[in-house]
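Number of protein chains: 2
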Amino acid sequence: MIFPAKQIEGLHIIANLNSSSTELLKRCEYYKTFIDQLIHELRLNKIGEVYHNFENGGFTAVVCLSESHLSIHTWPERNYVTFDVFLSNFLKDNSEITHRLYTETVAFFSASVIYEKLLTR
Amino acid sequence: MIFPAKQIEGLHIIANLNSSSTELLKRCEYYKTFIDQLIHELRLNKIGEVYHNFENGGFTAVVCLSESHLSIHTWPERNYVTFDVFLSNFLKDNSEITHRLYTETVAFFSASVIYEKLLTR
Chain A
1474 MIFPAKQIEG
1484 LHIIANLNSS
1494 STELLKRCEY
1504 YKTFIDQLIH
1514 ELRLNKIGEV
1524 YHNFENGGFT
1534 AVVCLSESHL
1544 SIHTWPERNY
1554 VTFDVFLSNF
1564 LKDNSEITHR
1574 LYTETVAFFS
1584 ASVIYEKLLT
1594 R
Chain B
1474 MIFPAKQIEG
1484 LHIIANLNSS
1494 STELLKRCEY
1504 YKTFIDQLIH
1514 ELRLNKIGEV
1524 YHNFENGGFT
1534 AVVCLSESHL
1544 SIHTWPERNY
1554 VTFDVFLSNF
1564 LKDNSEITHR
1574 LYTETVAFFS
1584 ASVIYEKLLT
1594 R
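Heads up: the protein sequence lines correspond to chains A and B, in order. Quick note: to get the numbering used here, add 1473 to the position in the first sequence (first position is 1). Quick note: to get the numbering used here, add 1473 to the position in the second sequence (first position is 1).
Calculated from the structure, these hints are not laboratory results. Any given hint might turn out to be false.
It does not matter which identical chain is meant; a pair holds if it fits inside one copy or across any two.
Computed cross-link-like contacts, DSS-like style, restricted to lysine-lysine with a CA-CA straight-line distance of at most 27 Å [as the list claims (entries may be wrong)]: (1) Lys1565 - Lys1499; (2) Lys1499 - Lys1519; (3) Lys1505 - Lys1519; (4) Lys1519 - Lys1565; (5) Lys1565 - Lys1590; (6) Lys1505 - Lys1590; (7) Lys1499 - Lys1590.
Turn these sequences into a full structure, and let the hints steer you where they fit.
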């Protein structure tokens, strides 16, 4: 079965955030609980993940979905978060789900958006 | 120690590629060997990874570095690859290294670039 390239294209959202939720930025466990719940709710299929707490605070997390991935890096000492999420539209249009993963992450950290790019790629 | 926001900014390269190297697109093991060698050569610090081969061919790989991450998804039946790499400049300017990870990945797959965005974020 050959899919046209259009069907593979997806929405990639890239953002830098400011957040004063220092405790949530320091260690990955809170985010893991939150995002696992959201992934379950959105009926996405997790195929792997990396969670890494840095010694001085802050963490990196990447969650791989069969539809693609999301990544987050935090710098609690700067109230700073970099986030990106990309879901291909291989089997269906996932743009709305991509938006949800983004906006709910922003809300989770009570963050304000410093930088934002939405790419259809 | 407080770092100015500028020092956290980094280069994020996002690309869609076309490649006829079907065997390299089908399973992740070749790419893993290649990128591990390159990460070693560039003296980057790997803190985690996900490699997942899909049943019908194609794979997803994400490598987390202490400086950030790179991700790749392949669709061998479409000669198609989506790739992104993002390294923050937290401790030093990693832009050249980010370019190397990208251009060497393109070369590894003998790929042509269909879509490319370079974001300083």
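Hint check results:
In this assembly of identical chains, the alpha carbons of Lys1565 and Lys1499 lie at most 27 Å apart only when taken from different copies (22 Å versus 36 Å within one copy). Taking the closest pair of Cα atoms, Lys1499 and Lys1519 come within 27 Å of each other both inside a single copy (24 Å) and across two copies (20 Å). Taking the closest pair of Cα atoms, Lys1505 and Lys1519 come within 27 Å of each other both inside a single copy (12 Å) and across two copies (20 Å). Only within a single protomer do Lys1519 and Lys1565 lie at most 27 Å apart by alpha-carbon distance; the minimum there is 17 Å, versus 33 Å between protomers.
With identical chains, the CA atoms of Lys1565 and Lys1590 are at most 27 Å apart both within one copy (22 Å) and between copies (24 Å). Taking identical chains as interchangeable, the C-alpha atoms of Lys1505 and Lys1590 lie at most 27 Å apart only when both belong to the same chain, with a minimum of 24 Å there against 29 Å between chains. Taking CA atoms no more than 27 Å apart as the test, Lys1499 paired with Lys1590 passes inside one copy only; the shortest distance there is 25 Å, against 31 Å between copies.
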